[in-house]
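Sequences listed follow chains A and B, in order. Position 50 of the first sequence, counting from 1, maps to 261 under my numbering, and the rest follow consecutively. Position 157 of the second sequence, counting from 1, maps to 368 under my numbering, and the rest follow consecutively.
Simulated from the structure, these hints should not be mistaken for laboratory data. Among the hints, a few may not be true.
Note: identical chains are not told apart, hence a pair may lie in one copy or across any two.
Here are the simulated SDA-like pairs of lysine to any residue, each with C-alpha atoms no more than 20 Å apart in a straight line [as the list claims (entries may be wrong)]: (1) K250 with G348; (2) K374 with P252; (3) K450 with E242; (4) K431 with Q219; (5) K431 with T454; (6) K431 with L217.
Note that the coordinates shown come from a computational prediction; the quantities given were computed from them, not determined experimentally.
Here are the chains, one letter per residue:
There are 2 protein chains.
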Amino acid sequence: MGLEVLNQWKCFGGTQSVYAHASEATGTRMEFSVFDPGKGPAPVLYWLSGLTCTWENFTAKAGAQRYAAEHGLILVCPDTSPRGDDVPDAADEYDFGKGAGFYVNATQQPWSKNYCMYDYVVSELPGVAEATVETTGQRGISGHSMGGHGALTIALKNPDQYKSVSAFSPIVAPSQVPWGHKALGRYLGDDRAAWADYDATELVVARGWNGDILIDQGSKDQFLEEQLRSTLFSDACAKAGVTLDLRFQEGYDHSYYFVASFIGEHIAWHAARL
Amino acid sequence: MGLEVLNQWKCFGGTQSVYAHASEATGTRMEFSVFDPGKGPAPVLYWLSGLTCTWENFTAKAGAQRYAAEHGLILVCPDTSPRGDDVPDAADEYDFGKGAGFYVNATQQPWSKNYCMYDYVVSELPGVAEATVETTGQRGISGHSMGGHGALTIALKNPDQYKSVSAFSPIVAPSQVPWGHKALGRYLGDDRAAWADYDATELVVARGWNGDILIDQGSKDQFLEEQLRSTLFSDACAKAGVTLDLRFQEGYDHSYYFVASFIGEHIAWHAARL
Numbered sequence: 212m213g214l215e216v217l218n219q220w221k222c223f224g225g226t227q228s229v230y231a232h233a234s235e236a237t238g239t240r241m242e243f244s245v246f247d248p249g250k251g252p253a254p255v256l257y258w259l260s261g262l263t264c265t266w267e268n269f270t271a272k273a274g275a276q277r278y279a280a281e282h283g284l285i286l287v288c289p290d291t292s293p294r295g296d297d298v299p300d301a302a303d304e305y306d307f308g309k310g311a312g313f314y315v316n317a318t319q320q321p322w323s324k325n326y327c328m329y330d331y332v333v334s335e336l337p338g339v340a341e342a343t344v345e346t347t348g349q350r351g352i353s354g355h356s357m358g359g360h361g362a363l364t365i366a367l368k369n370p371d372q373y374k375s376v377s378a379f380s381p382i383v384a385p386s387q388v389p390w391g392h393k394a395l396g397r398y399l400g401d402d403r404a405a406w407a408d409y410d411a412t413e414l415v416v417a418r419g420w421n422g423d424i425l426i427d428q429g430s431k432d433q434f435l436e437e438q439l440r441s442t443l444f445s446d447a448c449a450k451a452g453v454t455l456d457l458r459f460q461e462g463y464d465h466s467y468y469f470v471a472s473f474i475g476e477h478i479a480w481h482a483a484r485l
Numbered sequence: 212m213g214l215e216v217l218n219q220w221k222c223f224g225g226t227q228s229v230y231a232h233a234s235e236a237t238g239t240r241m242e243f244s245v246f247d248p249g250k251g252p253a254p255v256l257y258w259l260s261g262l263t264c265t266w267e268n269f270t271a272k273a274g275a276q277r278y279a280a281e282h283g284l285i286l287v288c289p290d291t292s293p294r295g296d297d298v299p300d301a302a303d304e305y306d307f308g309k310g311a312g313f314y315v316n317a318t319q320q321p322w323s324k325n326y327c328m329y330d331y332v333v334s335e336l337p338g339v340a341e342a343t344v345e346t347t348g349q350r351g352i353s354g355h356s357m358g359g360h361g362a363l364t365i366a367l368k369n370p371d372q373y374k375s376v377s378a379f380s381p382i383v384a385p386s387q388v389p390w391g392h393k394a395l396g397r398y399l400g401d402d403r404a405a406w407a408d409y410d411a412t413e414l415v416v417a418r419g420w421n422g423d424i425l426i427d428q429g430s431k432d433q434f435l436e437e438q439l440r441s442t443l444f445s446d447a448c449a450k451a452g453v454t455l456d457l458r459f460q461e462g463y464d465h466s467y468y469f470v471a472s473f474i475g476e477h478i479a480w481h482a483a484r485l
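Based on the provided sequences and hints, a complete structural model is requested.
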């Protein structure tokens, strides 16, 4: 499959790697990072990042390797969109186009050719990334903001593939907030029925979830009221009979200083379920 | 003193702040970061960063706040040089000028007006930074690469001010390596007697150190053989009767993935001495 090793660093006794490969799903060269504690077969925790991010933000800033080494989890972090000069973009828009794939399969022109991040994360990345490590075959998924939306929707639609799911500051109801209106409208078109298939608040009612879900949300997150609206998801989980632990963390905002503060608890939580 | 708050984030239960102020030592606006666990008076650990860095690299990438919160240490991280359009620079040289102050007081034109990072760190920053927090009055110092050089030289010359000192991948003998020849030659001139006052290997023999010193050095550090040459310092410590724990960490390189892997041990080590 032509996997290129871009970088490798020893980190907390394990190996932090960055790879690139030619993706069939996006038709582009994609980069992703893998942290392997290096102590034999381990479960894999996928991390999906938020708007404007690449694999690097979480990998360099969250301090997750320490906990992954401690609890014996492999970490895999993809990019947030296709990249490259030939990929259509929305110049000057941080919340659409490159860096903002929203983990959907776009159906509208000119996005549908490359913006297939749902298929990339669900169907292609596991085969490519897990070929570089020894796994137990068990997978969890988590993410931040747009990546929290990705983690929740991907887990809810693929319960056989992901045994555990958590999120930080997720977009939980894209059909009801400006970021989602913009992204889903342009990637998927005006038919809101298509949006429901990428909306965690709708999916959890439609499909349920055989397990518990953990969400951390900063109480001083600048996007909470307009874009994130966590309680829409907790209401839906209550309606669906799904156990959600939605923790409002007093005084924290949307930054990686928040993610770093609680990633250890999320990794321990996933490790207990994988 | 006109301290400007640039940013504040809650982090591991404490507060990560970034400040700016008009520095007398450098004649420029200087930025620095402070992490305060927020649990009452605490000792202060100063962190000096390496070539090309600002306060942000360590603050965002080392994951140090977790350990500082655990052990009750305040962290203060200055920039690595004066900044601004009016500050002389060496365009396209990553190892001299902006981002490369080497923690000296320059005596040569055109550098001597602004490049007074030694005075800034030793005489000005403590007053400015510690006014924002409650301290016990005790201080330690550490740093990475060029910042390890800064930490060692500043501690050795100011034993009353810094009770503990450690370093990651430090430049230990600038008088004997290319980075040092270039920086000390241009900031201080050709008189090598002036260099000795900023050379840890010479200082430890001349002045000794009333305590132990901890250094972590990656065995696969790409700069080890030519620029860092840690054993020059361990030989000098042996000669001076100073206890040095120089740990070669197998397989680690010069990156922040290395610093992150061992910063917890350094913070615990400083906390035990402060």
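How the hints compare with the structure:
With identical chains, the CA atoms of K250 and G348 are at most 20 Å apart within one copy only, with a shortest distance of 15 Å there and 43 Å across copies. In the homo-oligomer, the alpha carbons of K374 and P252 lie at most 20 Å apart inside one protomer (17 Å), although the nearest pairing across protomers, at 45 Å, exceeds that limit. Taking the shortest Cα distances, K450 and E242 never come within 20 Å of each other, neither inside one copy (39 Å) nor across copies (50 Å). In this assembly of identical chains, K431 and Q219 lie within 20 Å of each other by CA distance solely across copies; the values are 12 Å between and 36 Å within a copy.
When the C-alpha separation of K431 and T454 is checked against a cutoff of 20 Å, the pair qualifies neither within a copy, at 24 Å, nor between copies, at 47 Å. Taking the closest pair of Cα atoms, K431 and L217 come within 20 Å of each other only across two copies (17 Å); inside a single copy the shortest separation is 37 Å, beyond that limit.
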